[in-house]
Amino acid sequence: MLKHTAVPGPWTLHAETPAPDADAGVLAHLPVTATVPGTVHTDLLAAGLIDDPYLDRNELLTPWIGRSRWRYETTLPEPSSAERTDLVLDGLDTLATVTVGGVERLRTRNMFRSYRVPLDPADGAGLAVTFDSPWGPFDDLDDEERRAFDSPSAHIRKMACNFGWDWGPTLATAGLWRPVRIESWSVARLAETRVEVRAEQDAAGWRGVVEVGVELERTTTAHDVGLVVRVAGRAVDVVVPAAQTAAQVTVEVPLGEDDLWWPRGSGDQPLHDVAVRLTDRETGEPLDAADRRVGFRSVEVRREPDADGESFAFVVNGRPVAALGFNWIPDDCFPHRVTHDDVAARLRDAAEANANILRVWGGGLYESDDFYAQCDELGFLVWQDFAFACAPYPEHEWMLAEVEAEARENVVRLMSHPSLVIWNGNNENWLGWDDWGWKERLGDRPWGERYYLEVLPRVVAEVSPHAFYWPGSPYSGTPEVYSNDRSRGVVHLWDGWNEQGYQVFLEDRARFVSEFGWQGPPAWRTLTDAVHDDPLTPSSEGVLHHQKAVDGSLKLSRGLAPYLDEPTDMTDWHWAMQLNQARALTFAIEHFRSLRPVNMGSIVWQLNDCWPVASWAVVDSAGRRRPAWFAVRAAFAPRLATIQPRAGGLTLVLVNDTGRPWSGSATVRRRGLDGRVLAEQPVTFEAGPVASTTVPLDPALSVPGDPAAELLVADVDGAARAWRYFAVDRDLAYPAPRLDVTTAAPAGGDVDVTVTTDAFVRDLTVHADRLGAAASASDALVTLLPGESVTFRVAGGDPGVVAGLHGQAPVVRHAGDLVG
82 MLKHTAVPGP
92 WTLHAETPAP
102 DADAGVLAHL
112 PVTATVPGTV
122 HTDLLAAGLI
132 DDPYLDRNEL
142 LTPWIGRSRW
152 RYETTLPEPS
162 SAERTDLVLD
172 GLDTLATVTV
182 GGVERLRTRN
192 MFRSYRVPLD
202 PADGAGLAVT
212 FDSPWGPFDD
222 LDDEERRAFD
232 SPSAHIRKMA
242 CNFGWDWGPT
252 LATAGLWRPV
262 RIESWSVARL
272 AETRVEVRAE
282 QDAAGWRGVV
292 EVGVELERTT
302 TAHDVGLVVR
312 VAGRAVDVVV
322 PAAQTAAQVT
332 VEVPLGEDDL
342 WWPRGSGDQP
352 LHDVAVRLTD
362 RETGEPLDAA
372 DRRVGFRSVE
382 VRREPDADGE
392 SFAFVVNGRP
402 VAALGFNWIP
412 DDCFPHRVTH
422 DDVAARLRDA
432 AEANANILRV
442 WGGGLYESDD
452 FYAQCDELGF
462 LVWQDFAFAC
472 APYPEHEWML
482 AEVEAEAREN
492 VVRLMSHPSL
502 VIWNGNNENW
512 LGWDDWGWKE
522 RLGDRPWGER
532 YYLEVLPRVV
542 AEVSPHAFYW
552 PGSPYSGTPE
562 VYSNDRSRGV
572 VHLWDGWNEQ
582 GYQVFLEDRA
592 RFVSEFGWQG
602 PPAWRTLTDA
612 VHDDPLTPSS
622 EGVLHHQKAV
632 DGSLKLSRGL
642 APYLDEPTDM
652 TDWHWAMQLN
662 QARALTFAIE
672 HFRSLRPVNM
682 GSIVWQLNDC
692 WPVASWAVVD
702 SAGRRRPAWF
712 AVRAAFAPRL
722 ATIQPRAGGL
732 TLVLVNDTGR
742 PWSGSATVRR
752 RGLDGRVLAE
762 QPVTFEAGPV
772 ASTTVPLDPA
782 LSVPGDPAAE
792 LLVADVDGAA
802 RAWRYFAVDR
812 DLAYPAPRLD
822 VTTAAPAGGD
832 VDVTVTTDAF
842 VRDLTVHADR
852 LGAAASASDA
862 LVTLLPGESV
872 TFRVAGGDPG
882 VVAGLHGQAP
892 VVRHAGDLVG
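In the numbering used here, the protein residues as written are 82 to 901.
Derived by calculation from the structure, the hints in this document are not laboratory data.
For clarity, every value in this text was computed on a predicted model and none was experimentally measured.
Incorrect hints may appear among the rest.
[To be verified] Derived lysine to any residue pairs resembling SDA-like cross-links, with alpha carbons at most 25 Å apart:
(1) 84 <-> 204
(2) 520 <-> 221
(3) 520 <-> 534
(4) 84 <-> 202
(5) 520 <-> 355
(6) 84 <-> 221
(7) 629 <-> 364
(8) 84 <-> 362
(9) 629 <-> 519
(10) 84 <-> 101
(11) 629 <-> 471
(12) 629 <-> 619
(13) 84 <-> 158
(14) 520 <-> 573
(15) 84 <-> 162
(16) 84 <-> 355
(17) 84 <-> 629
(18) 84 <-> 99
(19) 84 <-> 327
(20) 629 <-> 450
(21) 84 <-> 197
(22) 629 <-> 126
(23) 84 <-> 418
(24) 84 <-> 364
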């Protein structure tokens, strides 16, 4: 009998033990209908009992929810005639007690695991799942332990950012956050299916290897079972004797070059179905099945000593890959709300920004199967953190066991994805040990090192032996060397944002940067849809509530100060801070890429937001692309021209991150802001695959006559223009351009907005969200010389509104608006 599934429901939500400060008005309306998958917060929101915690300062009305005890109830469906019936809970958040027919059957304390409870018809039909407050383990500590291990997330296996982060609210959730189902089966089932896939090359060419390992759970029926694995037209069939509960099958597939899976930008992503089938050898009946969608590729992380220290570079199918991408956080504080289309939209944002790698950050989740499947299809490399972030973690025996079980389940679940290329032990915990005073505070207490150097690498090696494991981000390769050592391993660079300004990036020759970024506000409409302060100012209560970084507003101001005076007008302030975020990311990325091949990776913090907030994201929580997104798209271009300082003066650096050689010519001109050519230098160049070449510039170009009125422009075959300025914005003699704006409506409902200027204009941007909630522009941050024009395609806006714009703020902005 093939395994049968059913879904229990409907569900109701009850307050088991409300917190002392619970909202009496909410309690009076309980119980309410509940949604599974879901959370308490979203059930109360759906019932109209709480206001949206994402809006204004409503978050401050919700802490009691996370400190209460809640109960979900339903009735189980009638049992089938199968030998076994199980209750399967794919995700419980987090401290759950499961009772069936009033009898306790399960207690859990790990959000990242699934659970299975055997059922019996005698158990009864009533199912209840009760959730204790996730704050409980931290609240129960004595004062000394609470001071030593001061993060509530370190005492529970739960999404750390639920307890608040420097970009997220404190919404400590509880609920059945992944599906619940009833599975009925007989004879045997696939309790675990491990599918490891790789490509190998020898003198005869490429071949694909699929290794399938299964663990079986059996009933008392003693039957031999058949295990069949099919992939790419090949099949292997083995018998698993009645007394055996494990089996291993290997299938080899001949491959051509066209059959290899490549990261995006390096080639195609052919995928193949792997079908695993379990049958009863006596009756021939199907028993269970597992399916995977796989790609064949080889992956290594190349670490080789050199004159600059030690390299850190991804090599796929024998070719180095320059990793350019984003850190990924949970796309919603309530992850069950994230749909396939939501993931597709965010991955489209990353793809269209020329990214090829996403780092799934350790303070969030092991993401959904759908997330990794879409990454496979799109060709993203995935860097997967284990769920540890920014805290010392005690090494209690119960937690060691939980972490091992959690790691095994998630490695098994994700190991077949060609996109997944690295397992990483933690986020910033080595840095905390080195720099944040943990050594002094913790004394001789264990702080988590055992997870990163023993438990996690052992699980990866046992379950997925060809996978690459790295103990942390940042990490230098050994605990004996400072974790954020620039000459080796991977680094996080936050001195610029926190203290010194983004010019400090020039001092770093990091081998691989897995975190760096700059903050800015979300789109104007995203901000004003969420915050209704009157007046709305940079320091009004709602705006400050949606700024979670410590001293975030101060750091925004300090980061702007070297370049521009901080505006007092809210509209100008918003534009200035968005522009500065874009400038900082451009500056850092172009510098790192100009170091190729010393530097082989730049992963921006961060791609996405989980709620409307000032943050480091380039796409806000409403899916609107900030100007910083357009800056990153340009800086991540496969072929980049950038003017960079070197010891001997200014240089033109040509960066070629493609797999093909790049050669051509360029002309570098020193111009006045009035457009006059003051000096020029023709250049020819050649840059090999995934490499850069540097061309020194003549002093006649690189030394200005009047820094306030001149700039450098490089026009290059096969790359976008490169610009360099001799003075900061406030000191530049920006002309006052007259912008001629015309509109046209091509087929499809979009509107083309063409802007022509009679004078130099820098960072011209159309803030399309001011033209309609669904409006977006095709480009931003466009710099034009006198007489030039650019056409922005505006999608989703009301054509009449778009046609009525006349090139004035706040819709059409440029850097010169902020000077004078």
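Evaluation of the provided hints:
Taken as a hint, the residue 84 and residue 204 pair is honoured in the structure, with Cα atoms around 21 Å apart against an allowance of 25 Å. With a C-alpha separation of about 23 Å, the suggested pairing of residue 520 with residue 221 holds against the 25 Å cut-off. Taken as a hint, the residue 520 and residue 534 pair is honoured in the structure, with Cα atoms around 18 Å apart against an allowance of 25 Å. Proximity of residue 84 to residue 202 is assessed by CA-CA distance (about 18 Å); at most 25 Å being required, the pair is judged to hold.
Of the pairs offered as hints, the one joining residue 520 and residue 355 is violated, with about 48 Å between alpha carbons and a cut-off of 25 Å exceeded. Between residue 84 and residue 221 the alpha-carbon distance is near 43 Å, which puts this suggested pair outside the 25 Å criterion. Proposed proximity of residue 629 and residue 364 is contradicted: the alpha carbons are some 62 Å apart, above 25 Å. As the CA atoms of residue 84 and residue 362 are separated by approximately 16 Å, the hinted pair is consistent with the 25 Å bound.
Distance hint between residue 629 and residue 519 is fulfilled; the C-alpha atoms sit about 23 Å from each other, no more than 25 Å. Proposed proximity of residue 84 and residue 101 is contradicted: the alpha carbons are some 46 Å apart, above 25 Å. Our distance criterion of 25 Å between C-alpha atoms is met by residue 629 and residue 471, whose separation comes to about 16 Å. Annotation: proposed proximity of residue 629 to residue 619 holds, straight-line Cα distance about 14 Å (limit 25 Å).
Only pairs whose Cα atoms come within 25 Å are accepted, and residue 84 paired with residue 158 is accepted, the gap being roughly 16 Å. Restraint check: the Cα-Cα separation between residue 520 and residue 573 comes to about 20 Å, which is no more than 25 Å; the hinted pair holds. Annotation: proposed proximity of residue 84 to residue 162 holds, straight-line Cα distance about 11 Å (limit 25 Å). Proposed proximity of residue 84 and residue 355 is supported: the alpha carbons are some 19 Å apart, at most 25 Å.
At most 25 Å may separate the alpha-carbon atoms for a hinted pair to count; residue 84 and residue 629 exceed this at roughly 48 Å. Annotation: proposed proximity of residue 84 to residue 99 is violated, straight-line Cα distance about 40 Å (limit 25 Å). For the proposed pair residue 84 and residue 327, the alpha carbon gap of about 19 Å is at most 25 Å, so the pair holds. Our distance criterion of 25 Å between C-alpha atoms is broken by residue 629 and residue 450, whose separation comes to about 30 Å.
As the CA atoms of residue 84 and residue 197 are separated by approximately 15 Å, the hinted pair is consistent with the 25 Å bound. For a cut-off of 25 Å, the pair hint linking residue 629 to residue 126 stands: about 23 Å separates their Cα positions. Of the pairs offered as hints, the one joining residue 84 and residue 418 is violated, with about 28 Å between alpha carbons and a cut-off of 25 Å exceeded. Taken as a hint, the residue 84 and residue 364 pair is honoured in the structure, with Cα atoms around 15 Å apart against an allowance of 25 Å.
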